[in-house]
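S.K.: Given the sequences, and given the hints that come with them, work out the whole structure.
Take the sequence shown: its position 63, counting from 1, is numbered 65 in the working numbering, and each next residue is one higher.
FYI, nobody ran anything at the bench for these hints, they're computed from the structure. Fair warning: there could be bad hints in the mix.
What the hints assert, rightly or not - Straight-line C-alpha distance at most 16 Å; calculated EDC-like pairs for lysine to aspartate or glutamate:
#: 1; residue 1: LYS80; residue 2: ASP52
#: 2; residue 1: LYS86; residue 2: GLU157
#: 3; residue 1: LYS53; residue 2: GLU23
#: 4; residue 1: LYS53; residue 2: GLU90
#: 5; residue 1: LYS56; residue 2: GLU90
#: 6; residue 1: LYS79; residue 2: ASP52
#: 7; residue 1: LYS79; residue 2: GLU21
#: 8; residue 1: LYS86; residue 2: ASP52
#: 9; residue 1: LYS108; residue 2: GLU90
#: 10; residue 1: LYS73; residue 2: ASP28
#: 11; residue 1: LYS53; residue 2: GLU21
#: 12; residue 1: LYS80; residue 2: GLU21
#: 13; residue 1: LYS77; residue 2: GLU23
#: 14; residue 1: LYS79; residue 2: GLU23
#: 15; residue 1: LYS137; residue 2: GLU127
#: 16; residue 1: LYS108; residue 2: GLU127
#: 17; residue 1: LYS53; residue 2: GLU127
#: 18; residue 1: LYS86; residue 2: GLU127
#: 19; residue 1: LYS108; residue 2: GLU157
#: 20; residue 1: LYS145; residue 2: ASP28
#: 21; residue 1: LYS56; residue 2: GLU21
#: 22; residue 1: LYS99; residue 2: GLU157
#: 23; residue 1: LYS80; residue 2: GLU23
#: 24; residue 1: LYS56; residue 2: GLU127
#: 25; residue 1: LYS63; residue 2: ASP28
#: 26; residue 1: LYS114; residue 2: GLU127
#: 27; residue 1: LYS114; residue 2: GLU90
#: 28; residue 1: LYS56; residue 2: GLU23
#: 29; residue 1: LYS56; residue 2: GLU157
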Amino acid sequence: MAYEGKNNRRPGRGRPQNEFEQRIIDLARVTRVQKGGKRLRFRILLALGDKNGKVGYAIAKGADVSIAVNKAVNKAKKNMITVKLVNETIPHAITVKYKAATVLLKPAVPGKGIVAGGAVRSILELAGVPNIYGKILSKTNNKISNVRSVFYALEQLNKRVKDVPVKKEKEVKKTDKPVAEVKKEDKKSTESKK
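M.R.: Okay, here's the thing in structure tokens:
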């Protein structure tokens, strides 16, 4: 019996599908000066998301890029947040400042897509937000600060959605007289008291 597909392999074999998609936002070669000389390592900033409301990020170092990536993936899985959406976008606009980075996130109409650039776009795509405006308002090019400010903004949106009470309708007092007559009577009664 021949199996259809790539190389006629049986289904269900091989590597399992990853539940999260990952993006490397920043990769830097960093050195530590010691007595014997310079020690070279790699620092990686990685974002991880399932494109369905869960997203996380992590910074990790390793002697090799692959070691740093594996460390960052494990850290990011522990550092996941859930993004609450209302009508395929965020509930309201928010501006967050973290150190030198300032980020603005605004809701967008359905069909607009993600209007953002750089690290902000990567995180919002991994979070699965279909319609949103994002803008880095600060002059900083530090990707770590920009990513952290986006995450703080998304966390604050979650807190505010939970804290917002349901609006109750106000009870209206019913009177027999029309509103205009009530106001006239109040003025007359105050004049007569003087």
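S.K.: Give me the numbers of the hints this structure contradicts, sorted from smallest to largest.
M.R.: When the structure is compared with the hints, none of them turns out to be violated.
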